[in-house]
Structure formats: structure tokens, C-alpha cells
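*Asks:* With chain A's structure known, arrange chain B on it following the hints.
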Amino acid sequence: MMSLEDFKLLYVLSCLGLGLIILSPTLAMVVKLPSGERFSELWLLGSGHMAEDYPFNVAEGQACKVYLGIGNHMGGLEYYKVYVKFRNQTEHLPDALNGTPSILDPVLEYRMFLRENEVWEREVLFSFEGISFDGNFCKVSSLVVDGCMLNVDKSAVWDEENHGFYFQLFFELWVYNNTLADFQYHNRFVWIWLNMTVSI
Amino acid sequence: MLLGKYMVNRKVLIYCAIFALTCAWLMPTCLAVDKRGAEEALADAEGALASAYGAVAEAESVGANVTELLSKLSLAGDLLAEANNTYRLGDYDGAYSYATNCSDTVEGIANQALNMKLEAEEIHGERLFFTAALSSTGLSALFVASLFGWRFSKKKYVKRVLEMKPEVRED
Chain A
1 MMSLEDFKLL
11 YVLSCLGLGL
21 IILSPTLAMV
31 VKLPSGERFS
41 ELWLLGSGHM
51 AEDYPFNVAE
61 GQACKVYLGI
71 GNHMGGLEYY
81 KVYVKFRNQT
91 EHLPDALNGT
101 PSILDPVLEY
111 RMFLRENEVW
121 EREVLFSFEG
131 ISFDGNFCKV
141 SSLVVDGCML
151 NVDKSAVWDE
161 ENHGFYFQLF
171 FELWVYNNTL
181 ADFQYHNRFV
191 WIWLNMTVSI
Chain B
1001 MLLGKYMVNR
1011 KVLIYCAIFA
1021 LTCAWLMPTC
1031 LAVDKRGAEE
1041 ALADAEGALA
1051 SAYGAVAEAE
1061 SVGANVTELL
1071 SKLSLAGDLL
1081 AEANNTYRLG
1091 DYDGAYSYAT
1101 NCSDTVEGIA
1111 NQALNMKLEA
1121 EEIHGERLFF
1131 TAALSSTGLS
1141 ALFVASLFGW
1151 RFSKKKYVKR
1161 VLEMKPEVRE
1171 D
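First to last, the protein sequences are chains A and B.
According to the working numbering, the stretch in the first sequence is residues 1 to 200, in order.
According to the working numbering, the stretch in the second sequence is residues 1001 to 1171, in order.
Isolated chain A, as found in the complex:
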């Protein structure tokens, strides 16, 4: 049998435990526990709503479809902006190491407000108009996104190694910073490579 001292200690500890249980609703309202890692998701899915079947060989007027999605895990309501940009192989991509965006001007933008754990996704339909080939050069005049014709005027040189005229359509994620009162690049971007071909 335990000694009186041990019995006393056990009794005090039980009382303290019970006291903490009684106090827990108030503590839960006052004490803010540290949340987990805060981040945002940005994804691009192919036409079958899977990470496959992305458009690649593209001809003039050919309709392409991708799904663009964002998930908010930043711990509260966030204000996002997605820039749609188009480049050839020599132009700037965002720098993931330094967290800087591409210096290219956006051709289109989307804006959305997402609560914690909320997800936004939309179908992006696009095609190209005014694709012309001249020897080792390919020129694209217009990009049509969701029925809106955008003037891009980009040229690409024939890629000897990969056998194609390559362009890239990419999406940059920006988030509104309340302290700076401006949007900041969120160091996330997704892209697809597109090889311009002649329509048969």
C-alpha cells in the first residue's frame, strides 16, 4: 500500500488535472496555439482534369484546355492574383531561387479571394491565331484565352535539340500583402510547353 505522502501527491495531481479540464474552455478562447506551416497551392491539370494530357503540339485555331487551381492554407482570408504570361525560350521565367517574378508583362489576370482551406479552380480554354513559319522562325500573333483575343507577337527559333518551335504559357501566383498595401509575388508558378505546328 502507498504511503500517506504518495497518496497526498496523487490527490493533489488529480485535483490539478480536474482543474485544468474545467479551465480548458477558457484557455482555448484565450491562448492561440501556433499553427502549422502556411502556404498556398497552385496547380495546373490537363484536359482530363488529371496531371496528364497537357496540350503540347499546337496548331493555329486548335482549342486547348487546362485547369488552373489555387488552394489557400495561409491561416486566413487571402487575396490572390494570377498573371498569365507567354514567352519564347529565350525570355525570362520567374526565378524560384530568388523568389522574383518574370519581367514579362502579363497578357491576362485572374483575381480571387479565398478563405482558409478553400480552393479555387477554373477551366482555361486557349488557342492561337496568326501562327506563321519562316524558315527557322515561327511567329505567333495572338493568344485567345476564354474567347478573349490577346496580342502577343512572339517569335521562336527552331530548337535543333528538341525539334520544335517552343513557347511557354505560364501562370504566376501573387498574393496581397496588407502591410505593404500591394501585391507580392508568391514564388509559385506553373507552366506548359507548347510546340507550334502547322495545321493539317
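Hints in this document: simulated from the structure, not taken from any laboratory.
Cβ coordinates follow ideal geometry from the N, Cα and C atoms, glycine included.
Where hints are given, some of them may not hold.
[As the list claims (entries may be wrong)] According to the in silico footprint, chain B covers these stretches of chain A (three or more CB under 8 Å from chain B):
id, segment
1, 112 to 124
2, 166 to 175
[As the list claims (entries may be wrong)] With a straight-line Cα cutoff of 27 Å, these simulated BS3-like cross-link-like pairs (lysine-lysine) come out:
id, chain 1, residue 1, chain 2, residue 2
3, B, Lys-1155, A, Lys-8
4, A, Lys-8, B, Lys-1035
5, B, Lys-1165, B, Lys-1154
6, A, Lys-8, B, Lys-1154
7, A, Lys-8, B, Lys-1159
8, A, Lys-65, A, Lys-8
9, A, Lys-8, B, Lys-1165
10, A, Lys-8, A, Lys-32
11, B, Lys-1155, B, Lys-1165
12, A, Lys-65, A, Lys-139
13, B, Lys-1165, A, Lys-154
*Replies:* Then chain B, alone, in the frame of chain A:
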């Protein structure tokens, strides 16, 4: 006399026609929005939407139900994106129109969000007071009960010890 009156009427008619033609020619120029006008409208809309977002985010963080305000914000966000996209295409009229629509949509949201925030804070304060009062009562009751409980438990413990039969150990 009649001829003179006819001449005057004719003159008035010609002046009226010239005035109407000038108006028709100048009106679209006056109403059309230039690049600067569109940029100002875009900047206004951007500022209005950002401040509305800030207010709604604060209200949301204290637990206010901002679902309705969020749907308005989303609509305004779409309008502002459309305004910027239209501006990039060089359609300043369209950009101006979308931007002013955006500003109209977010009008009053910041005030509504502020009221909701104050309301939510008040409710939270009341709830905290009620919970703290319940906890205090519970703790006081536990304190008193533990004192009486200790006396009872100690008595029981001693009684059990006294009732135990002594065992003789063989060395």
C-alpha cells in the same frame, strides 16, 4: 415680308443643323475615356477593393460571418481583373466601365465589415466572460470539494491502514 420671314426661318434651321452636327461630332469625343482617365479609375478601384479586403479579412479573423461580403468581394475582383484585361487590350472605355463597376460594388463593404467585426468582438467578449465565469465557479467548487474530499479521503486512508493486519516477517 413673307419672304424675309422665310429667310429667317431658313437661317435658324441651318444654324440648328450645324449645331446638331457639331454636337454629334463632339459628343463621343467628350464622353470617351482617355488612357489617363482609365488608369485613374483602375487605381481607385484597386484601392477601394484592397481596403474592402482588409476590413473583411479583419472581420473574418475575429469570427464574423462574412460570406455575403465575400461574394461581393469576389464579384468586384472579377470586375477589376476584367478592367485590367480590357485596359491591356487598349479599350479604355471598357476598362473605365469595369473599374467604376468594381468601385460601386465594393462601396460600403468596409463599413459593413467594420460593424460586423465590432459585433463579432462583442459576442466573443460576452462568450469569453460567460466561459470564464463558469470556469471560475467550477474551480471554486473544485477547491472547496477537494478540501472536504481530502479530509474524507485521509480519514478513509487512515482507517484502512489501521484495519490492516500486521504481518510478522521471518528473518
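*Asks:* Which hints from the list above does the structure break, by number from lowest to highest?
*Replies:* 2, 4, 8, 10 and 13
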